[in-house]
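*Asks:* Place chain B on chain A using the hints.
Below are the chains, spelled out letter by letter.
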Amino acid sequence: MKPGIAARIIVAIIFGGLVLSPLIIKRFAARQGETKTKLDSQTALARHGFYLQEVSRAAGVNFEHEAPTLDPRLGHIMPQVASMGASVSIVDFDHDRWPDIYVTSSKEGAKNALYRNMHDGTFKDVAEEMGIADVNRAGTGVSMGAVWGDYDNDGFEDLLLIKWGKPELFHNDAGHGFTRVTEQVGLPPWINANTALWFDYDGDGLLDLFIGGYYSEDVDLWHLASTKMMPDSFEYAKNGGRKYLFHNLGNGKFEEVSEKVGINSRRWALASTAGDLRGTGHPDLFIANDYGVSELYFNDGKRFHEVGEQTGVGFAPKSGMNASFGDILNQGRYAVYVSNISEEGVLIQGNNLWMPKEGSSGDKLQFENLARDFGVEIGGWSFGAQFGDLNNDGNLDLYLTNGYVSLDRNRSYWYDFSKIAGGHSTIINDAKNWPAMEGRSLSGYQTKHVWLNDGSGKFVDVAQAVGVTDTFDGRAVALADLWNRGVLDVIVANERGPLLIYKNTVTPENKWIEFELEGTKSNRSAIGAQVTLFWNGQKQAQEVSGGSGFAAQNQRRLHFGLGKSPQIEKAEIRWPSGKIQVVENPAANQIHAVKEPL
Amino acid sequence: MSQPSIAIGPKTAEPFQWKRFFSLDNRYIAPAFITCILIVGQISFGFLESYKKTGIAIAVSLVSELILARIFTGKWPNLASAYITGISVGILVRSPAIWPYVVCALISIMSKYVLRIKGRHIWNPSNFGISVLLFLAPETVAGLSIQWGNYLLPMLVIWVLGSVIIARLHRFNITGTYVACFSIFAFLRSYITGSPWQSEVAPLTGPMYQLFIFFMITDPKTTVRSKFWQCVVVAVVALVETILRLEHVVYAPFYALFLVGPAALLVEMWFDSRRTVPARVTA
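As you go down the protein sequences, you meet chains A and B in turn.
Going by this note's numbering, 249 is the number at position 182 of the first sequence; the sequence numbering is gapless.
Going by this note's numbering, 209 is the number at position 206 of the second sequence; the sequence numbering is gapless.
Chain A on its own, in the form it takes in the complex (with noise of 0.2 Å):
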C-alpha cells in the first residue's frame, strides 16, 4: 500500500471517528448524569439519604397561582409576558418559631395567601385576616414577589411586596395584622419589579432594600402608551428598569439612593442576592439579568462599585433568571448560582456555577464558570434555584425548577422566538413584530432537577429517584425547615399551577444543626450575619438572607447537615455589626437560638 492511500485511510477513519463523536459523547454523559427512575422511598433513603414527598393538599394548602391580562395589544404573545409572578417566601410571621409561608398569585382581582404554621403538619391561610391577601386590585398592579425583613427592629418581620405595578410596604403589628405604610416610607407610585431583597449595605443596623425593574417604569403593562416595550436585544438589552436602593433612615422613612452609592442600571434584573463574598464585613450585591450580564457590585460598606467584567460573571451574556450563594465544597467561600435557559437544538446558554478562583479573594477576587465540570449546567428553561443539604450528609445540594409556558404539548414557539430574537433592536423591541404563540409550548412540561452534591465537586441528578416528578411551569424555589424536624423542605410556586410542598425524609444516621439568630447591635432580623460551622476537621459558611434564588426568600434560620458521628468543634458567628461571636461545641440535632452580645 502506498503510504498515501494509507494516510487517506487513516484521516478518514479519524474523520469518520469525529463526526460521531457527539452521539458518543452523548451517550456517555447520559449514563454519567443522572438517575432517571422513581425509586420507592426506602430504596431512596437508602441509596440517597433522603426521599420527597408532595403533601400541600394534606398539609391543607391548596394554592394555584393565576397569570394577569395585559394589555390587549399583547393578546398574541400573552403567555410568555404573562410568565411570572409565582412566588414564595418563608417567614416566622407570628414569632412562634414554626416557619409560615407567604406566596402571591398575579391575576387582577386573585388573592395572595399567607400560610400560618399550625403546628400540626398543617397550614391555615390568614392572609385575609392580616390584610395581606387583596393586594393585586385593578390599577395597581399585580404580585411578582415578597421578601420579608424587620426594618423597625421591632421584632417582628415586615413584608414587602414587590409587583409589576405599585410596590407596598406592610409593617407587621406584633403578628395580629399589617398595616399598610408604602406612602410614609416613601416607596415610588410604579416599578415593574421582578426582584428585591432586604440586606443593611451600610451596617448601620438597619435593613435596607434593594428592588430590580425588569420592564421600564413607565410601562404600564395593562394600558401600552407603545408596543415598543420588549427589550432591545436578546442578549445585550438596557432599555429595562431602573435599580432602586433604599436607604433606611430609622424613622420609618427610606431615601432612595442606588444613583448616589453606584447602582446605575437598566439592564433587565430577574434575580438578585447578597453576601459577603470577600470577608470585608460587607454585603456585596449579586443581580442576574435576563437578556444580558450579570452584575456584581463590590459594596464597601459606602459605595457600589461594578466588578461584573473583572469578576469574570459579567462577561458572556445570557438570560439570567437565579442568584444563590452556596458554600459547596465546605471552604467558607460562596459560589454563585445563575441560572439561564437551554433548549435542545436551539439555544443552550448552560446555567452558571461561579466558583471563586483558587488564589483569588478581597478585591482581586474572581470567578470561573464550573457548572459543566460540576454536573449543574443543563437544566432546561431554569428559573428559581436554592443551595441546602437536603440530605443532611454535609454538603450543600442543589434544587432548580424550571419550565416556562406549558400548552400545547405538541407545537413548540421555539422557531419562532429564535428567529426574532436574531433581529435587530429596532424589529425585537416592538411586541407587535413577534410571531402570535397560538397555544405553542414554549419549553414547557420540563423536568426539575435535584442534584446531589458528592463534596468533591460532583452533582447527580437525582430528582426523579428521590420523588420530584412535577412538570409545572417553575419559578420560585425556598427551603425551611417547616416542622422544625431537622430537614429541610421544599417549597415550590408555579406559575399558572399549584404551590407544591415537597416533604423531606432524611435518614437519621444523618445529623444535623440549626441556628436561629436575632440581632441586638445588628439588624434584628440578622439578615447578613455568618455562621461558619467547624465540624470533623472541615467548615462551612452560611449566611442569613434577605432574599435569593427567583422570586424567593428561604427560612432565615440556618441548617447544616452533619453527616454520621459529627464532633462539632464550633460555631463562629460573624454578625452584621461585625462582632464575632463563637459558640463552642454545640450540640447536634438542636435548633439553637443565639442573640447578638451586647
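You may find that some hints are simply not true.
What the hints assert, rightly or not - Simulated coverage check for chain A against chain B, where a stretch passes if three residues somewhere in it have a Cβ under 8 Å from a Cβ of chain B:
1) 415-424
2) 436-445
3) 478-484
4) 498-511
5) 543-552
What the hints assert, rightly or not - Cβ-to-Cβ under 10 Å is the rule here; a few derived chain B residues that face chain A:
6) F75
7) S98
8) L191
9) W200
10) H251
Bear in mind the hints are in silico, worked out from the structure with no lab data behind them.
Idealized CB from N, CA, C, for every residue including glycine.
*Replies:* For chain B alone, kept in the frame of chain A given last:
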C-alpha cells in the same frame, strides 16, 4: 467557510515598494475582513462566547490544516482559508463546552481532505462542520442567534465593508442574489404563515447571516464557476431554506447550503465530464 479569493490578477511590477507593502493581496482580504467583524463585534458589545474557545477553534483549524496539507500534498499550505474556518467556528458555534469547538474545527478542515470527488472538496468546510454538530449534538451546541447589540452602526459597517470587499472579489452577484431571494421569500413566508414580515426578515439583520452571506455561500472552492449558475444555485439555497423554515427548522440556512451546495457541484462535474468525454474520443 473558506476564503472567497479567486480573482488574483496578473502580476505587474510595483512602482513603489511602500505601496506594495500597504496593498492587500486578495487572498488576505477575507481573513482581514472576518477579523474586523470579530474585533468590531467584540469591542462594540462583547460578541464572543469566550476568547479561549475562539482561540482554540482557530488554533485547531490552523494546526490541522498544516498537518493534513503536509500529509496529502507534501507542501506547506496557505493558511488563510483555515484561519477563516477557525474564526467562523469560533463565532458561529455557541456551546458552554469546549469540545464542540475542537471537534467542529477538526471536522471542518478534515472534510476538505476526506470528502473529495474528482480532486475537489464539495462542502464548504465550516458549513459542513457546523451543520454536522448542530444536527448530531443539539443538546450541547447551538448556532449564533443574536443581534449586533443595540447598535445599527456596526451592522451597517459590516454590510458596507462586506459588500465592497465581496464586489472586489467579483462575487457580489452571489451575495446580492441571496439577499434579494431571502427578502422575497421572507415576504412569501409572512404571507403563508401570517407572521409579521419583520419577524421573517429579522434573521437577516443578525451577525450569523452576515457571516453566512459574505463567507459561506461565496466560497470559491465550493461554488460553481459560471456567474449565472452561481446566482441560480444561491437562489435554490434560499428556496430550500424557505422550505425548511416553513417546517420550523431553526438552522435552515446552514442545512440548505449543506444540501444544495454539493449537489450543484456534482451537477457541474457531471456536465464537465459529458463535455470532456467526446473531446477525448475525437482526439
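*Asks:* Using 10 Å as the Cβ threshold, decide whether F75(B) counts as touching chain A.
*Replies:* holds (7 Å)
*Asks:* Go check the stretch 415-424 of chain A versus chain B for me, would you? Three or more residues, Cβ under 8 Å, otherwise it fails.
*Replies:* holds (count 3)
*Asks:* Checking hints one by one. Is S98(B) an interface residue toward chain A, by the C-beta closer than 10 Å rule?
*Replies:* This interface hint holds because 6 Å falls under the 10 Å limit.
*Asks:* Minimum Cβ distance from H251(B) to chain A below 10 Å?
*Replies:* holds (4 Å)
*Asks:* Verify the coverage statement for the stretch 436-445 of chain A against chain B, using a C-beta to C-beta distance below 8 Å and requiring 3 or more qualifying residues.
*Replies:* Holds: 5 residues of the stretch 436-445 of chain A have a Cβ under 8 Å from chain B.
*Asks:* Can you verify the interface hint for L191(B): is its Cβ closer than 10 Å to any Cβ in chain A?
*Replies:* Cβ of L191(B) sits 15 Å from chain A, so the hint is violated.
*Asks:* Count the residues of the stretch 543-552 of chain A with a beta-carbon closer than 8 Å to any beta-carbon of chain B: does the count reach three?
*Replies:* Coverage by chain B is violated here, the residue count being 0 at a Cβ distance below 8 Å.
*Asks:* Taking 8 Å as the Cβ threshold, is the statement that the stretch 478-484 of chain A is covered by chain B upheld or broken by the three-residue rule?
*Replies:* holds (count 4)
*Asks:* Under 8 Å between beta-carbons, do enough residues of the stretch 498-511 of chain A, three at least, approach chain B for the coverage claim to hold?
*Replies:* holds (count 5)
*Asks:* Does the CB of W200(B) sit less than 10 Å away from some CB of chain A?
*Replies:* holds (9 Å)
The structure shown violates the earlier hints numbered 5, 8.
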